[in-house]
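All chains, please: the whole structure from these sequences, using the hints.
Protein chains: 4
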Amino acid sequence: MAEFAEGSNASFSKTITDADVVLFAGVSGDTNPLHLDAEYAAKSRFKQRIAHGMLSASLISTVLGTKLPGPGAIYMGQTLEFKGPVFLGDTVTASATITSWDGGKGPMTIATSCHNQRGEVVVTGEARVLYRP
Amino acid sequence: MAEFAEGSNASFSKTITDADVVLFAGVSGDTNPLHLDAEYAAKSRFKQRIAHGMLSASLISTVLGTKLPGPGAIYMGQTLEFKGPVFLGDTVTASATITSWDGGKGPMTIATSCHNQRGEVVVTGEARVLYRP
Amino acid sequence: MAEFAEGSNASFSKTITDADVVLFAGVSGDTNPLHLDAEYAAKSRFKQRIAHGMLSASLISTVLGTKLPGPGAIYMGQTLEFKGPVFLGDTVTASATITSWDGGKGPMTIATSCHNQRGEVVVTGEARVLYRP
Amino acid sequence: MAEFAEGSNASFSKTITDADVVLFAGVSGDTNPLHLDAEYAAKSRFKQRIAHGMLSASLISTVLGTKLPGPGAIYMGQTLEFKGPVFLGDTVTASATITSWDGGKGPMTIATSCHNQRGEVVVTGEARVLYRP
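Protein chains in written order, with my numbering: chain U, 1 to 133; chain G, 1 to 133; chain P, 1 to 133; chain F, 1 to 133.
Hints may be right or wrong, so weigh each one.
So the derived label-pair ranges between C-beta atoms look like this [as the list claims (entries may be wrong)]:
1) G:E3 x P:N9: 12 to 22 Å
2) F:A5 x P:G84: 24 to 34 Å
3) P:A42 x F:G106: 24 to 34 Å
For the record, the hints were derived by calculation from the structure and aren't laboratory data. C-beta atoms are modelled at their ideal positions from N, C-alpha and C, and glycine is treated no differently.
Next up, the structure:
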């Protein structure tokens, strides 16, 4: 019997800190001042530094790669809609729910989203994953 | 006169190393053994550790956030198709080309892709970006 | 025609945070308690932890290596005068202006300085750079 | 009796790895491809990626801030001559020798240099430090 089925869900939460943003800048090379320069960010629409959108999106990869379906997952595709900013100190929860899967060799379609500690959705999208445990 | 127009393009290249993968695992929490466990990875279809797909995708964010259009970019959405593995030591080039833009307040549609040092495409997709410099 | 000339200038700004100081300590090995120990620092002339002077100086390298002249820069020398402390949370802007250059194979002399968000100069000095794009 | 005098010396050694370079890029924002892009670096005069010059220079700060004179050091100035490249995996030793000091409130003049594991000098220069232990 399959360990997962349509409707199975999982989530992963992480507080996004300044350290995450500095390290993400180093790993990605993305030094956009909105992420690194408090003076620039204060004048932006966000009024303060925000985390890289892809950093939040990476938490989706974490759910898929460690929980649903976890090891054996082969990431085929992902759509992402960035819905709102993540500020330093926010806790982001990435959630994933299987919406379509034949239970075998076919791709899983997985609804994915991220929200912050106030319940505000910051990222939505859909993943396609093969499962070869 | 707009600094960018349909057809404008830019790229960013970075060698993806073990340090990147370790730091990305730390920042994202994605501890899938395919990225961190050489013994596990040796038995996988890839025969060796591979970088997180989202790490390559993050280089797309770098092009958008630092070059095209750079500061002033507001990331609205991104589609991603993961086409092939990135091994540790591979150099990934993320490229972006504006495919549709009204030159003003409307969203830019940007064709995005990543390829490795052998010219093999590893990620494709499309970004939507607002530009508010 | 040269892209740069005497008088050309560029800058790079970054908020210096605790994460930067911790990581800089790890990379450099400089564990002086003035940077890492709030109790020690509270009794110092600065009354609080300060960033490593070389961390601010590193932003000068960033301007030279990414903007003026950017890739193709070969860093020959740098003088540094540390004029004042950088506290955690300060935003440091490193600025560079070409003061002497023959437009070709000769070394660029570049006036360099760093100031904080209150306009206070924290580092001054001069760089010598060869440009081989 | 002063703990230090003219002629006193100390050193600090560290192997410069890819992790150091990635972290230094994140902390400084210096994403020059000579440091991060193996394909670009292969075509450069150095034929491979090199560490940021300021990263080696930072080891001088480490000697001053932790050993000679150590806590109580106030960094006033530094001259730097970059004499040769540091490759990933090289072990850099930063050395410092007091060349002039009144033994009290006056500034220490300290000869500083960095060499690699083959004895090749990669950085030279002079530091000025006040000592207020």
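Evaluated hints:
G:E3 and P:N9 have their C-beta atoms about 19 Å apart, which keeps the hinted 12 to 22 Å range intact. Take F:A5 and P:G84: their Cβ atoms lie about 29 Å apart, and the range 24 to 34 Å holds. Taking the beta carbon of each, P:A42 and F:G106 are about 27 Å apart, inside 24 to 34 Å as hinted.
The structure agrees with every numbered hint stated previously.
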